[in-house]
Amino acid sequence: MRIDELKQKIEGELRDLKAEIEARDPNVVNIRASRDDVIEIARRLSSIGFDHVKAVTAVDRGDIFEVDYIISSYLGDLSYYLVNLKISLPRDDPRAPSLVEIWPSVLYQEHEEHEMMGIYFEGHPRMGRKLLLPENYEGIPPLRKEFKIKTEGIDYGG
Amino acid sequence: MEAEERELELLIGPQHPASGHMRLIAKIDGDVVTELRPDIGYVHRSVEKIAETKKFLQIIPLVERPSLPDTTANNLAYVMALEKLLGIEPPPRARYLRTLLAEITRIHSHLYGLGIHGVMIGSSTAYMWCFGDREPFLQLAQELTGARLTYSYIIPGGVRRDMPKGFADKVEKVLRYMEGRMKDYFDIYFNNPVTRARLEGVGVLKREDAIRLGAVGPNLRASNVPYDVRKAEPYAAYPDVEFDVITEKAGDSFARVMVRVREIGESIKIIRQVLKRIPDGPILHENYEKLIPPKLKEQYKSTGIVKFPSLFANLKAPEGEAIARVEGGRGEVVFHIISDGKTSPYRLRMVTPSFRNVVLFEHLTKGARVADIPAIYGSLDYFPPEADR
Numbered sequence: 000m001r002i003d004e005l006k007q008k009i010e011g012e013l014r015d016l017k018a019e020i021e022a023r024d025p026n027v028v029n030i031r032a033s034r035d036d037v038i039e040i041a042r043r044l045s046s047i048g049f050d051h052v053k054a055v056t057a058v059d060r061g062d063i064f065e066v067d068y069i070i071s072s073y074l075g076d077l078s079y080y081l082v083n084l085k086i087s088l089p090r091d092d093p094r095a096p097s098l099v100e101i102w103p104s105v106l107y108q109e110h111e112e113h114e115m116m117g118i119y120f121e122g123h124p125r126m127g128r129k130l131l132l133p134e135n136y137e138g139i140p141p142l143r144k145e146f147k148i149k150t151e152g153i154d155y156g157g
Numbered sequence: 000m001e002a003e004e005r006e007l008e009l010l011i012g013p014q015h016p017a018s019g020h021m022r023l024i025a026k027i028d029g030d031v032v033t034e035l036r037p038d039i040g041y042v043h044r045s046v047e048k049i050a051e052t053k054k055f056l057q058i059i060p061l062v063e064r065p066s067l068p069d070t071t072a073n074n075l076a077y078v079m080a081l082e083k084l085l086g087i088e089p090p091p092r093a094r095y096l097r098t099l100l101a102e103i104t105r106i107h108s109h110l111y112g113l114g115i116h117g118v119m120i121g122s123s124t125a126y127m128w129c130f131g132d133r134e135p136f137l138q139l140a141q142e143l144t145g146a147r148l149t150y151s152y153i154i155p156g157g158v159r160r161d162m163p164k165g166f167a168d169k170v171e172k173v174l175r176y177m178e179g180r181m182k183d184y185f186d187i188y189f190n191n192p193v194t195r196a197r198l199e200g201v202g203v204l205k206r207e208d209a210i211r212l213g214a215v216g217p218n219l220r221a222s223n224v225p226y227d228v229r230k231a232e233p234y235a236a237y238p239d240v241e242f243d244v245i246t247e248k249a250g251d252s253f254a255r256v257m258v259r260v261r262e263i264g265e266s267i268k269i270i271r272q273v274l275k276r277i278p279d280g281p282i283l284h285e286n287y288e289k290l291i292p293p294k295l296k297e298q299y300k301s302t303g304i305v306k307f308p309s310l311f312a313n314l315k316a317p318e319g320e321a322i323a324r325v326e327g328g329r330g331e332v333v334f335h336i337i338s339d340g341k342t343s344p345y346r347l348r349m350v351t352p353s354f355r356n357v358v359l360f361e362h363l364t365k366g367a368r369v370a371d372i373p374a375i376y377g378s379l380d381y382f383p384p385e386a387d388r
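So the protein sequences, as listed, match chains A and B. The first sequence begins at 0 in numbering that gives the first Met the number 0 and counts up by one. The second sequence begins at 0 in numbering that gives the first Met the number 0 and counts up by one.
Chain A with its partners taken away, still in its complex shape:
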């Protein structure tokens, strides 16, 4: 299977949904979708053999947040390809449906992006709980751009 064949196959599957699909050479297919369609898209990708998620990346784009799912398969030809499912969320309402029911492999990664970027994944069983941060941490989710790292600097004794 070639990348454009995979792209066509995915286009066929998602025909009736609003999704922008493009192939990024040599083995990545980008899908841009709205949060309303993401569950259905995930369900259909899963039904054509995309069996796990390798990475969930939340990105602070300033006016919006983006959540990227990097999806692939452990079996056969599909294992060469990666699907990068991208959804944009408004900054004042960063909610997205969790994909944990379809791909349990996102359990820890959505949780991490929740605490680090402040995205709320609806339907995820561990929202509001801490994963990597200290339990008493309060404040801006640290991966947001407005969170600045305090640097120690160098004291030259002058």
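Don't read these hints as lab results, they were simulated from the structure. Hints should not be assumed to be uniformly reliable.
What the hints assert, rightly or not - Here are the simulated lysine-lysine pairs, BS3-like style, with alpha carbons at most 27 Å apart:
#, chain 1, residue 1, chain 2, residue 2
1, B, Lys26, A, Lys129
2, B, Lys315, A, Lys144
3, B, Lys54, B, Lys169
4, B, Lys53, A, Lys144
5, A, Lys6, B, Lys83
6, A, Lys149, B, Lys169
7, B, Lys230, B, Lys205
8, B, Lys300, B, Lys164
9, B, Lys83, A, Lys85
10, A, Lys149, B, Lys48
11, B, Lys205, A, Lys144
12, A, Lys149, B, Lys54
13, B, Lys54, B, Lys164
14, A, Lys144, B, Lys341
15, A, Lys149, B, Lys26
16, B, Lys268, A, Lys85
17, B, Lys341, A, Lys149
18, A, Lys129, B, Lys48
Got chain A sorted already, so can you dock chain B onto it with the hints?
This is chain B only, laid out in the frame that chain A set:
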């Protein structure tokens, strides 16, 4: 008086319950685990956030540190993602050298995992032997790279050093030694009835669960899923070498150990092929080589050691995004870099094998005996700093 039936909460750790800093919160009924939740994050070091403030080259040591026994995988996956952004590919000799170091690292990483697992189930012999036999591989790596663990050997466009003189012979000696040792390992440890009793049938990961939960590396392959990035999306010199993807069918703790042991044999095969076929030529892409000032170039030609051209420090990656994956000792490493054209990434996502595998703690311990927790933990080759990043 009537005995009250109740579930107990057992807190294991966070002070080194086994090989590292995490806490396991177990609910137990008698000595049967009804629920176990790994509490992670004790060694979180904010790699992703810090990376946004560091230059591309400074990020190499940053991403290496969390996976100390298996640094090459992170180094390589990060540099491969960066090279995709830069649109640059390493010359053939550098590709071979990358595979050489990656396989030396895989062997000593597996020995590390097997040794720690040994001591977790009470075999101090396995621990001593594995750690002892890891040493010759660390010395090989040190001779190649100049460091025991934190190699930072792989740089955009190539590698930092060429092979030293007589290196191939030394490698061959170590490989022969290791092959000879394998028999002793089976006699004393792997075929030991106590080892078998502790591991066989314990912590069984079914094939469909391994896939569903997104397990990686030997843990995935021990459940009979033949997925290996070196075959799925070959990189470095892997398209040119022959090796088998090792799988086991049982999916239990013993199967996971066996995959690692047998993979050492495959790595030995790969290293021999690399040393036999390694082509002559430069170890750094010509675009970067020509940036080296004449005096340093002379030194580079005579010693095979690259001093970074100073322009490298301000390397800018063009706007865009790239994803790269590598099969490390513990499993698949994924880097996703988003660049806005500056000298630091806009966003760097680093997903390590231990972070992918942490979910297995909850899944495999349900219904297990408390005494089996270390047997299962060790069989996962889980490394807390690697998971926490």
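- Looking back at the numbered hints, which does the structure fail to meet, lowest number first? 3, 6, 11, 13, 15, 16
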